[in-house]
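Working from the sequences, and respecting the hints, build out all of it.
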Amino acid sequence: MLRSLQIEPEKCTGCLQCEMACSYQAEGVFNPSKSRIKIFAFHHEGRFVPYTCTQCTEAWCMHACPVEAIVINQVTGAKEVVEDICVGCKVCTIACPFGTVNYNQDTAVVQKCDLCGGDPECAKACPTQAITYVASEQGGINRMRAHAAENLPQDNA
Amino acid sequence: MAWTRNVLRVNLTSGSITHESLNMQWANDYLGQRGLATKYLSEEIDPKCDALSPENKMIMTTGPLTGTMASTAGRYSVVTKSPLTGAIACSNSGGYIGNEMKNAGWDMVIFEGKSPHPVYLYIENDKAELLSAEKLWGKSAWATDELLHSIHQDPLLRVAVVGRAAEKGCLFSAIVNDLHRAAGRSGVGTVMASKNLKAVAIRGTLGVGSISDPAKFFKATEDGKKILAENAVTGEGLPALGTQVLMNIINEVGALPTRNHQEVQFEGASEISGEAMLEIRKGDGKANLTTNGACFGCTIACQRISTVDKNHFSVKDKPEYHGNSGGLEFENAWSLGTDCGIDDLDAITFANFLCNEDAVDPISLGATIAAAMELFEEGVITVEDTGGMELRFGSAEALIWATEVTVKGEGFGLELGKGSKRLCEKYARPEISMTVKGQEFPAYDPRGIQGMGLAYATSNRGACHLRGYTVASEIMGIPEKTDPLVTDGKPALVKAFQDATAVVDSAGICVFTTFAWSLEDIAPQIDAACEGDWNAERCLEVGERIWNMERDFNLAAGLTGKDDTLPKRLLKDVAKSGPATGKANDLHKMLPEYYELRGWSPEGVPTDATRSRLGL
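Line by line, the protein sequences are chains B and H.
Under this note's numbering, the first residue of the first sequence is numbered 80, with each subsequent residue one higher.
Under this note's numbering, the first residue of the second sequence is numbered 183, with each subsequent residue one higher.
Worth flagging that the hints you see were computed from the coordinates, not collected in a lab.
What you are looking at is a predicted structure, and each value in this text was computed from that prediction instead of being measured.
Treat each hint with caution, since some may be false.
Simulated pairs of lysine-lysine, DSS-like, Cα-Cα distance not exceeding 25 Å [to be verified]:
| hint | chain 1 | residue 1 | chain 2 | residue 2 |
| --- | --- | --- | --- | --- |
| 1 | H | K408 | B | K203 |
| 2 | H | K401 | B | K203 |
| 3 | H | K321 | B | K90 |
Sample of chain B residues facing chain H (criterion: CB under 8 Å; computed from the structure) [claimed, not checked]:
| hint | residue |
| --- | --- |
| 4 | S83 |
| 5 | E87 |
| 6 | S112 |
| 7 | K113 |
| 8 | H122 |
Note that beta-carbon positions come from the ideal geometry of N, C-alpha and C, so glycine has one too.
What follows is the structure, encoded as structure tokens:
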């Protein structure tokens, strides 16, 4: 069963535990600037929004890579960067429509979310379940249920 | 080892910037942040120096847990001598800048001297430079924050900044970071501005590593987060209502100082409570509260993110204030609201926005306005002083006016900016000032919560709830319930809270965790992160050492046991309503026992035996 990261911005508090967990898993230090998931604060609107790679099926980053350094993990479906092959040309960072592949100047290769091999640290670290790891085919199930509930007769509650 | 072991020293007089190693002997004795920076300050300045002279230094400092995954571990502090009190100042802030400083590789930044012209410090990892702030001087904290982001073309830059009030000498100016978090009390921002230092802008990308025992650390911090999530205060009350969960509670127990402490209950409390912030407004159909938010690393998320009704008189023609910003904490809702007799939630929220915009401590501001209102009601201050404004209790218009002139440093605002003590002295009515050691009270009346009287009187930074929050025990039953109306047992309770808080403030975490965590929960997190054995017993000893060191600083600065007192109003005038009716604060029953428990002489001086026991 393929699973995806599900993000519910209305639950995010902007604590950045996910960014610390991500960077620690990937780099061995707590370093939000190296996190593959980013939280964006919209001050005026009073909102925090987590954002990371959606693992596109037709992944533009993968198609754009001239050296085939981005490969599909057959178990998780994640598009993973093979650091030994990546030449740091950054074409994938241009190809990605969402900006979720980025160059790491310390390693001289690109970095992106790899779903931590199927056990994403960001989802585990999130204290409010704003980030969860759910069956890809049921990503919308809670919202469907919420909309379905809107049609319930009011006096029968 | 958790510390980066690096200290950045910035001499503003000469413009020189040097790197040095952290004194690890002191780190072992004082842990970090509040304790460690106070040790540095005590060693480096003459406590008698003029707080606003170049001889004073200002230290920005993180703790060993800052920047790690421990819950709430994003804190930083500013340590200096206070211009408001003449005592030690240590103001603690959340937001994101503490983590950024640690990620840039610094435990501490020490500022000394005074720059010949306005500057700001820009730090990008190990690169640090002083840049001209000529174009930033005269701008609000918010405007400066925006300009710095634009100048450096870096949306991820974190900024700590002073506003116009500090430039104009307001003695309770704060240092605001991330727009609405603040090192708020005791005028630390005034010291920063006196050095011609407008801002500190930091970008850190090095990471925080070197956790001594990672497996143990993740276990200890996970356990800690679970306790916070399952606790009624940190898991439910604070995320839902913020610190404003307290407004109705403290009013009910008759400990909500009202109209400059003339009363202990406020008839309008429910109108400005945390619950009221959730109610839909008539004006624009929205609630005051948009959502809660978290500081860096915090799994509690007590921050309020709020709007003012755009139809409200205060912002009607000011669309720049129609969006979301930092909402009301209980202390601010009390000082700007209750203490001024004002029950207009929108007006108080807007006044709080203004305090953030220009980096002013809303507790001291509200309390000073309250004193001015009493002076006005008594006819001591007149419309001639205010330029026509009727400065009356309950007037939201007066609150907004007084806030605006103070944060901008204009006209009568310059008088208000001196604080309640100096204002009341100027008008020859010192008894009207509700202060200890020159600092204004927060939101708990010691007639209704006896232990807080002792906590205020003996607080090393003047009247303050965050040096020993016995409200937790006396009202909320944490760790166990004590009777708020009796003095028995309070000296030991105050001492225990003071020592424990000192170590929490030195670790890099938030004091709000202590609603759920004891030192038994905190010590394993410090122990796993840092070298050496850090058990709860050692932590408490470090806390006691810090407390005594701060006391020694104050004694050397010229304060004495005589300053460990409360205004006459709280010692003589009894509460007129609520459970504490007929009671004043019985400080005299607690203070001698407190000195004895501390190992201090009857004059309040640590004995040689005490100093020697603590290695001072």
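Okay, the hints, checked on the actual structure:
With a C-alpha separation of about 13 Å, the suggested pair H:K408 and B:K203 falls inside the 25 Å cut-off, and the hint holds. Among the hinted pairs, H:K401 with B:K203 is consistent with the structure: their alpha-carbon atoms are about 14 Å apart, no more than 25 Å. A hinted pair counts as satisfied when its Cα atoms are at most 25 Å apart, and H:K321 with B:K90 does not qualify at roughly 35 Å. At about 24 Å, the closest approach between the beta carbon of B:S83 and any beta carbon in chain H exceeds 8 Å, and the interface hint on this residue is violated.
Because the smallest distance between the Cβ of B:E87 and any Cβ of chain H comes to about 13 Å, over 8 Å, the interface hint for this residue is violated. With a least beta-carbon distance of about 4 Å to chain H, the hint placing B:S112 at the interface is held under the 8 Å criterion. Given hint, B:K113 at the interface with chain H, holds; its Cβ is 7 Å from that chain's nearest Cβ, closer than 8 Å. For B:H122, the interface hint holds, since its Cβ comes within 8 Å of a Cβ in chain H; the closest pair sits about 6 Å apart.
Going through the hint list in order, the structure does not satisfy hints 3, 4, 5.
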